Amino acid sequence: MRTLLLALLLVPAGAAAYDRGELTEFNDMYRSGDYQEALDGYRQVIAREPSNQWGYFNAGNALYRLNRPGPAVYNYARAFMLDPRDGEIRANLEFALRQTGQTLVPEGAPAALHYAYYFVAEAELKALALLLFWLACLAGAAAFLLDGNKLGLAAGRASAGAALLLLLTLAWLGARQSSPFSSAGVVTKAGGTLMLSGPGENFKTYASAPEGRIVKILDTGDEAYYEIGLPKEGIKGWALKTDVERL
Amino acid sequence: MSRFASLSAAALAVLLWAGPASAVLNVAADIDRDTVEINGNLYLTVAVSGDSASVPEPKLPNLQSFNIYSSGRSQSISIINGKITTSVTFTYILTPRFIGQQKIPPITVSNGRETAATPELTVTVTKARQAAGQPQQAQPARPTRQSRGVQQAARTAATRGDQLFLKAETDRKSAYPGEQINISIKFYTSVPLSSNPQYVPPAFTNLISEDLPPVRNGEADIGGVRYAYSEIKAALFGLNPGPAVIRPATVVAQVPAQDAIDPFDPNFFQKFMAISGAQGQTREFITETLNLEIKPLPAGAPPGFSGAVGNYTVSAALDRPEARAGEAVNFSVTVAGSGNLKTVVAPKFPELPDFKVFDTMSSHDVKKDNDLITGKKTFTYILVPRSEGRKTIPPLKFAYFDPHTAVYKQLETDSVSITVQKGGQGAKTVNFNNAPGGGQVTASGSDIRYVSDSAGGDALPLLAAAVLGLPWWTHTAPLALLTLSFWLARFNRFKLANPLLFRARRARSEAFHDITTAEKFIKEGKHNEAVSEVYDSFMNYLSDKSGVKVSALTIRKAAELVKKRFPAVSEASIDEMRDLWQALELRHFSPEAAGAEGASDLVKKYSLLVMRLEKELK
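As you go down the protein sequences, you meet chains S and D in turn.
Per the numbering used here, residue 1 is the first one in the first sequence, and the count goes up by one each step.
Per the numbering used here, residue 1 is the first one in the second sequence, and the count goes up by one each step.
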């Protein structure tokens, strides 16, 4: 147990080994207009550190400059999912969404409520739920082992508190399943993707999803196609997996 | 130079002046001719342009050489990529008062931050031409019912023998708020004047006025006396129901001391100047105060009526049929017709979820043809489509009161549609702020924020990634520990709650353990220890099974206790138990009698008895 906790505490320090000199080099490329070269660099960062939100953010910027709104929205969305509290990330995601006819904050929804709803990233919520689960179990075990003891009573209360927080976290997590970014993807193909009535070219095309549109991914079972849905328009169809990047 | 050419030149001048980036407020002035006769009129055009939705009115200098009448204004607003440019052209009619080179000093405009001025203009005022060549504008206005009334009033003054007099008349005595009332002020003279007289317009209560230039000049025969007259007209609009007052107008004229020159001589001005103005005297003429009645509007105004009175049409249009999401488009609603357009307010714009609606700007063009205030007022809404698709702006309603029929009327614009394409990099989002004042920040567009220099490695996302990166089975460990602890706690509680049960279950194993020990003693030749071991073991066994310490009991009592606790036990087992008990007591308490063979038998008997009792004592 001690080893596990130690590992959890040490991992962030080790993972922050992002070469600042390298980053400066990529940002210099961006500054001088070499967006493609900068993008390649940012992609290296993402490959090395998939949980680094700034890799996605900067890649989104480079893609936006390359006039690729779809991949830009995808990268901003990934950055947002990792760090939804950051104002810069929110601003660029909102900007890119607006350029593609979408909004980050749904119309009529109070901005403060939306901010609170996304205050914690989904991964953070899941990790928090796991940590609370560990805490509730360990405290509960201590309460059983120290049965009849004052310490056992305190451990029991701690376990109950952690369990309550766990339930709240799970409820929050459940509510987040209705988020546009949950089970979602972004149309990254230039010009948009065709939505077919089935997973194959022999099916009829009856709609198209524009580039940059965030879509719900309803079925991932097929090898080559996702079943995607456009909740706002109330339509669904099958799109090539190569056209839609899963968030 | 024609008037249109002058306007074009003025507009060109404004454009040229707008060149420097720092100069956002510009003014240009132009006149339609450089030379004007003393009895003619001159158009002065002042064009003001700026980079906000409203520009200031020019401040006209004190022109002693001219009478000035406002002849309307024309405003245009252009919005390109969120940049607002407003151009307003003010037109004035100048009536010269003196012959010779006259100067129009610089005209200034100021918006509080900047001041701009025009260059000085020079006009040559010449004597009047022969009567045969009099321009059309100098002819008297066509006779009307009102002019007949004025003539009647003038005749009264003429019969008093006045050589000069001033008369004011309105075309109606009552009107609705916002309904046009025309006032005519005529200055009659039967004697020559040293110069064109100076006119001071009247003040108004509960009325606003609009000049109706040009000044009409003409002749009239009143009571057998030939008069020359100048007529100035103005349009008045009542503000609120109740009385309205037109206070006296004033004309100041230089009148010769002696009537030496015929006023109908075409060159009477020159002759008059020739005899020197010093010989004349300054006289002031005033009109009577006129009272009007402003009637209240009838009840039953439709919803959306905001006080517009007159006769109007309304139309709506977009500046383009297509746009991209996030791009600003201009939606214009134009109210055109006759009435006081200055007071017409913008129709209420409906809530449109498909658009962001920014501030409204208005511009108006006013015409004064045939002494009627007409024109159009255009309200420009800045709309930014939120999403792509075919979007429709529903009809807008505009209500007004028609004073001729005394009924309210309601008009609707046509619905207007626009095709919105998806937004792109070029789409700009703009914010408009046309509030007056200096030093404001005006957003002209927006863009993504710059790349981050942050190295990442923020604790929370990385910690979350580390936790989620653990193999799933590691998360079963706390659950297993919890389950185990739970079981242990329950077992402990059960054990504490049922001590006899655990003693009874433990008795067999302990008995066999003792038997093994006893056998070990026998092998070592320690027979007495072996018997003692078996005796103690037997007592403990019975105590564990019965739950009572039997060593303190008699054999009979112990047997009864066992039978009571375990009714299924056989009599044979009870008998064997008694036999073993007696044998053990005998050997235990007289060990010298115990031989090796006897100890071994006792151990065997005890072993067999335990096995038998284990089957029966359940």
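To be clear, the hints were calculated from the coordinates, so they are not data collected in a lab.
In this text, all values refer to a predicted model and were calculated from it rather than measured experimentally.
Please note that a few of the clues may not be correct.
Claimed, not checked - To give a feel for the contact side, a few chain D residues facing chain S, derived at Cβ under 8 Å:
hint, residue
1, V407
2, L411
3, L468
4, W472
Claimed, not checked - Derived DSSO-like pairs (lysine-lysine); straight-line CA-CA distance at most 30 Å:
hint, chain 1, residue 1, chain 2, residue 2
5, S, K150, D, K295
6, S, K189, S, K150
7, D, K604, D, K618
8, S, K232, D, K356
9, D, K604, S, K189
10, D, K604, S, K236
11, D, K295, D, K356
12, S, K216, D, K356
Claimed, not checked - Listed below are several chain S residues computed to face chain D (Cβ distance under 10 Å; list not exhaustive):
hint, residue
13, L23
14, D40
15, L135
16, T205
17, Y206
18, A207
Virtual Cβ for every residue (Gly too), placed ideally from N, Cα, C.
Mind checking the CB of S:Y206 against every CB in chain D and telling me if the closest is under 10 Å?
This interface hint is violated because 17 Å lies over the 10 Å limit.
For the hint on D:W472, does the least C-beta distance to chain S fall short of 8 Å?
violated (10 Å)
Between S:K150 and D:K295, is the straight-line Cα distance small enough, at 30 Å or below?
Not satisfied, since the Cα-Cα distance of roughly 91 Å exceeds 30 Å.
S:T205 was flagged as interface toward chain D. Is the shortest Cβ-Cβ separation under 10 Å?
violated (19 Å)
Hint check: is the beta carbon of D:L468 less than 8 Å from a beta carbon of chain S?
holds (6 Å)
May I ask you to test the interface hint for S:D40 with respect to chain D, counting a Cβ-Cβ separation under 10 Å as satisfied?
violated (14 Å)
Given the hint that S:K189 pairs with S:K150, does the C-alpha gap stay at or below 30 Å?
violated (63 Å)
Hold the hint about D:L411 up to the distance rule: shortest CB distance to chain S must be less than 8 Å.
violated (31 Å)
Quick one, is the S:L23 hint okay against chain D at 10 Å, beta carbons?
holds (6 Å)
Interface hint status, S:L135 versus chain D (Cβ within 10 Å):
S:L135 check passes; min Cβ-Cβ to chain D is 9 Å, inside 10 Å.
CA of D:K295 to CA of D:K356, is that 30 Å or under?
At roughly 41 Å apart (the allowed maximum being 30 Å), D:K356 and D:K295 break the hint.
Answer holds if the nearest beta-carbon of chain S is closer than 8 Å to that of D:V407; otherwise answer violated.
violated (41 Å)
Comparing the model with each numbered hint stated earlier shows that hints 1, 2, 4, 5, 6, 9, 10, 11, 14, 16, 17 and 18 do not hold.
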